[in-house]
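Top line first, the protein sequences correspond to chains A and B. If you want this note's numbering, it's the position in the first sequence, counting the first as 1, plus 132. If you want this note's numbering, it's the position in the second sequence, counting the first as 1, plus 132.
Because the hints were derived from the structure by calculation, they are not lab data. Since this is a predicted model, take the numbers as computed values, not measurements. Worth double-checking, as some hints may not be accurate.
Identical chains blur together in the list; that is why a pair holds if it fits in one copy or across any two.
Derived SDA-like pairs: lysine to any residue, alpha-carbon spacing no greater than 25 Å straight-line [what the hints assert, rightly or not]: (1) 144 with 158; (2) 144 with 196; (3) 144 with 333; (4) 432 with 311; (5) 553 with 451; (6) 484 with 255; (7) 144 with 154; (8) 144 with 513; (9) 432 with 318; (10) 432 with 326; (11) 184 with 395; (12) 184 with 553; (13) 432 with 321; (14) 553 with 265; (15) 484 with 142; (16) 184 with 397; (17) 484 with 179; (18) 184 with 147; (19) 184 with 344.
Protein chains: 2
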Amino acid sequence: MTQDTVFPPNPKALDAMLDWANQRIQRGPDPRHGAQSVAALAARLDGAITAKGMDSARAFALFSDVIVPSTRPFDHPTSLAFVASAPSPAALGFDAVLGSAGIFAGNWDGGSGAIYAENQALAWLSSLAGWPATSGGVFVSGGTMGNLSALHAARTAYPGPRPDRWRILASAEAHSSITAAARVMDAEVISVPTDEGGRMDADSARHALSQTSGVFAIVANAGATNCGAIDDLAGLARLAAEQGLWLHVDGAYGLAAMTDPTQRAQFDGIEQADSFTVDPHKWLFAPYDSCALLYRDPAKGRAAHGQRASYLDTLDGQAWNPSDYAIHLTRRARGLPLWFSLVTYGTEAYAKAIRQTRDIAEAIAQGITDTPGLELILGPQLTVLLFRAPGLDDDAIDAWAEAQRRSGALLCLPTRWRGEKVLRICVVNPNTDPDHVLTVLRTLP
Amino acid sequence: MTQDTVFPPNPKALDAMLDWANQRIQRGPDPRHGAQSVAALAARLDGAITAKGMDSARAFALFSDVIVPSTRPFDHPTSLAFVASAPSPAALGFDAVLGSAGIFAGNWDGGSGAIYAENQALAWLSSLAGWPATSGGVFVSGGTMGNLSALHAARTAYPGPRPDRWRILASAEAHSSITAAARVMDAEVISVPTDEGGRMDADSARHALSQTSGVFAIVANAGATNCGAIDDLAGLARLAAEQGLWLHVDGAYGLAAMTDPTQRAQFDGIEQADSFTVDPHKWLFAPYDSCALLYRDPAKGRAAHGQRASYLDTLDGQAWNPSDYAIHLTRRARGLPLWFSLVTYGTEAYAKAIRQTRDIAEAIAQGITDTPGLELILGPQLTVLLFRAPGLDDDAIDAWAEAQRRSGALLCLPTRWRGEKVLRICVVNPNTDPDHVLTVLRTLP
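All chains should be modelled from the sequences, with the hints used to inform the complete structure.
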């Protein structure tokens with residue numbers, strides 16, 4: 133049987149594409165890039181998919197010249213909105229390699245080496261939390277998947293009888309993914325009021341618990357997205373133990389700070405949690421998309437998540453199969469860019485980078501306090517801070533933020549805090565220059 | 133404030149890494165590679181993460197010389213187990229670029245250009261299904277996530293009162309991810325017996341429905357993983373319409389065959405489905421990990437999945453935000469490698485590649501039929517076939533399969549069919565040589 137190659141390789145185009153990747157990693161993104169309208173994109177991209185195809189160079193130009201400039205450069209040091217991203221050069225270079233290597237990391241049979249290395253990175257995270265060496269988990273695609281997978285394990289492990297309604301206790305500052313996860317699980321979120329810093333304490337949680345039933349898990353924040361708050365993990369751990377509940381710590385953004393010994397004490401109590409999540413693509417210098425999900429007792433993850441099928445019978449059930457620990461089967465080895473960057477730079481560089489972003493956030497907070505016409509409202513908690521410019525109304529705040537975004541000076545967007553439109557900064561990039569940030573912020577009043 | 137660079141770039145190491153990626157794409161994987169023991173990996177990898185880090189070249193050698201050889205080369209033409217992967221050179225090269233570009237594709241604000249292009253690829257898939265141009269969806273990390281997201285949308289859209297127990301109707305040959313999704317949703321799967329080919333018909337489904345309550349969705353197979361069966365989509369669509377139920381078509385593997393006009397008729401009825409999934413990393417020549425999830429009425433996806441939070445208020449709710457259509461918020465633009473490969477090679481090349489894999493499966497089936505001592509049991513359905521070697525007991529089958537895997541001759545593993553241990557082949561690679569496969573299979577009897 134003769135076959136011709138339906139998908140011919142194009143070595144010249146491949147060279148040019150990888151050269152582009154090389155330059156992109158070394159030069160970084162352009163901060164003036166941003167979203168385009170549907171009409172603008174249609175004018176440039178419509179008709180790209182054809183029956184016969186097109187020259188690779190022309191196809192790649194659609195990406196480099198049209199698509200990339202119409203995406204927001206979250207990984208630029210001036211991106212201080214949402215929780216941005218700051219992948220290290222080694223992590224980015226490695227992600228490029230990973231795509232080309234085609235590794236199936238869903239089970240040991242497919243990806244043993246990759247999984248072993250991912251597990252080294254997970255073990256490092258778990259050691260920072262003070263967990264036993266018997267803990268373990270898996271890298272999933274993001275915080276939503278991590279939280280949902282942990283909560284499903286929590287419900288599966290619930291020792292009591294099935295209640296009329298399943299419920300999850302979480303802070304009013306819990307990430308939107310907790311509500312999303314609860315909806316998928318057909319569970320209800322009991323929202324616990326927080327203190328002035330956005331923190332849930334054990335007394336408030338205990339009170340909320342006494343008013344309801346069917347709760348199988350408490351979700352604690354370790355760095356709430358909107359305000360950076362860390363809940364009373366030690367108190368909540370005691371409460372969870374006393375009530376026989378699962379304690380999950382959502383540290384998608386904030387648990388990265390465990391890396392820095394000087395910031396570790398804020399997370400005391402996490403030793404007693406049943407699961408936690410932290411996203412390497414947020415503040416651990418890895419590219420999109422990865423979330424580390426850890427179980428103190430991985431057997432509980434396996435009991436909830438293992439998929440069985442006859443065509444999988446040849447797989448070794450005794451091996452570490454990542455598909456047994458979350459809601460997925462096929463997966464790329466998305467934890468490896470973190471692993472490679474850690475191996476290359478070392479854990480002390482991570483501690484230093486985290487400490488440096490914290491110093492940057494403190495310098496910005498101090499600068500805001502020192503600037504007439506600006507008022508610091510809250511923070512920095514970890515590296516999130518909220519502030520206002522009392523002379524500006526809501527429209528003026530929006531206009532200022534938009535002008536800074538367009539010029540590429542700064543991505544600093546408004547949020548709401550206790551009903552008020554305020555400005556928010558979250559620093560995750562060790563290359564953010566606080567003097568530059570303050571120079572721009574001083575154009576506000 | 134002075135800052136030094138905590139994560140210095142290393143241009144020389146980056147060159148070497150991207151050169152490795154280039155060679156890997158052009159030369160392909162080594163079929164003799166495979167899983168290693170924990171002990172073997174520990175001997176090579178333990179101690180990789182240190183306080184001070186290590187030279188990039190040494191770190192990269194851990195990947196290239198230890199990790200890669202201990203992973204299974206699913207993308208090799210001799211990999212015929214599970215559902216393998218056969219990414220085109222353009223798709224692989226592009227995945228490498230994508231990693232370096234750091235695009236946040238969770239919402240329009242972050243990734244407009246990437247999302248527009250992903251939506252072009254989704255629109256192509258939806259046009260193959262005969263769906264209206266108003267349909268839409270999102271690329272998620274895999275079939276489990278796609279099926280779960282679709283089923284959550286189905287339950288959210290369910291018009292009736294909340295039942296005592298939520299139920300999903302699916303074929304006995306449904307993928308394990310359907311059971312996994314149901315568990316997460318606290319729902320029950322009603323398993324419908326199939327015919328001798330593994331196919332669920334509308335009468336069996338109707339009978340099962342009449343025996344139960346609380347059903348909100350029917351899940352139909354379009355290419356069951358174990359046997360390739362395509363359910364009676366037209367009959368099931370009529371049944372779903374008559375009963376006011378959501379019809380989801382799980383086409384993770386099989387719906388790729390819609391690409392080939394000569395195979396499209398097998399899927400008649402999909403025009404009436406409410407959602408479907410197809411994984412580009414299976415039989416659409418894209419790298420891990422991506423699943424295309426389509427809704428006929430995307431508003432139903434949005435109603436189920438949109439995440440709201442104050443720090444997201446600046447986002448345009450009118451724009452196409454991929455996080456509104458599945459269980460995720462942050463995401464990489466995982467549909468782009470398919471888009472780039474489609475743009476480069478054209479849709480006719482896709483049709484040809486799919487037709488070619490089908491021809492290969494037919495040639496292998498014919499060869500098995502013609503070989504004394506081998507018996508074709510079922511297929512090819514799409515490109516899956518089941519066969520036996522009556523002279524061999526179960527242990528001998530396992531030993532034969534393991535020997536072929538170790539030598540790199542063929543990855544062809546056993547599965548179970550109607551209780552019997554049988555051999556299974558699934559072809560997704562247009563470069564698989566049927567003569568080579570038959571030569572190896574003839575060592576069986």
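The hints, checked one at a time:
no., hint, verdict
1, 144 with 158, "both (21 Å within a copy, 11 Å between copies)"
2, 144 with 196, "both (16 Å within a copy, 24 Å between copies)"
3, 144 with 333, "neither (60 Å within a copy, 51 Å between copies)"
4, 432 with 311, "both (22 Å within a copy, 18 Å between copies)"
5, 553 with 451, "between (51 Å within a copy, 22 Å between copies)"
6, 484 with 255, "within (20 Å within a copy, 46 Å between copies)"
7, 144 with 154, "both (15 Å within a copy, 11 Å between copies)"
8, 144 with 513, "neither (50 Å within a copy, 39 Å between copies)"
9, 432 with 318, "both (20 Å within a copy, 17 Å between copies)"
10, 432 with 326, "neither (30 Å within a copy, 33 Å between copies)"
11, 184 with 395, "between (57 Å within a copy, 20 Å between copies)"
12, 184 with 553, "neither (52 Å within a copy, 44 Å between copies)"
13, 432 with 321, "both (22 Å within a copy, 22 Å between copies)"
14, 553 with 265, "neither (45 Å within a copy, 38 Å between copies)"
15, 484 with 142, "between (43 Å within a copy, 19 Å between copies)"
16, 184 with 397, "between (61 Å within a copy, 23 Å between copies)"
17, 484 with 179, "between (48 Å within a copy, 21 Å between copies)"
18, 184 with 147, "within (23 Å within a copy, 33 Å between copies)"
19, 184 with 344, "neither (62 Å within a copy, 50 Å between copies)"
Violated hints for the displayed structure, listed by number in ascending order: 3, 8, 10, 12, 14 and 19.
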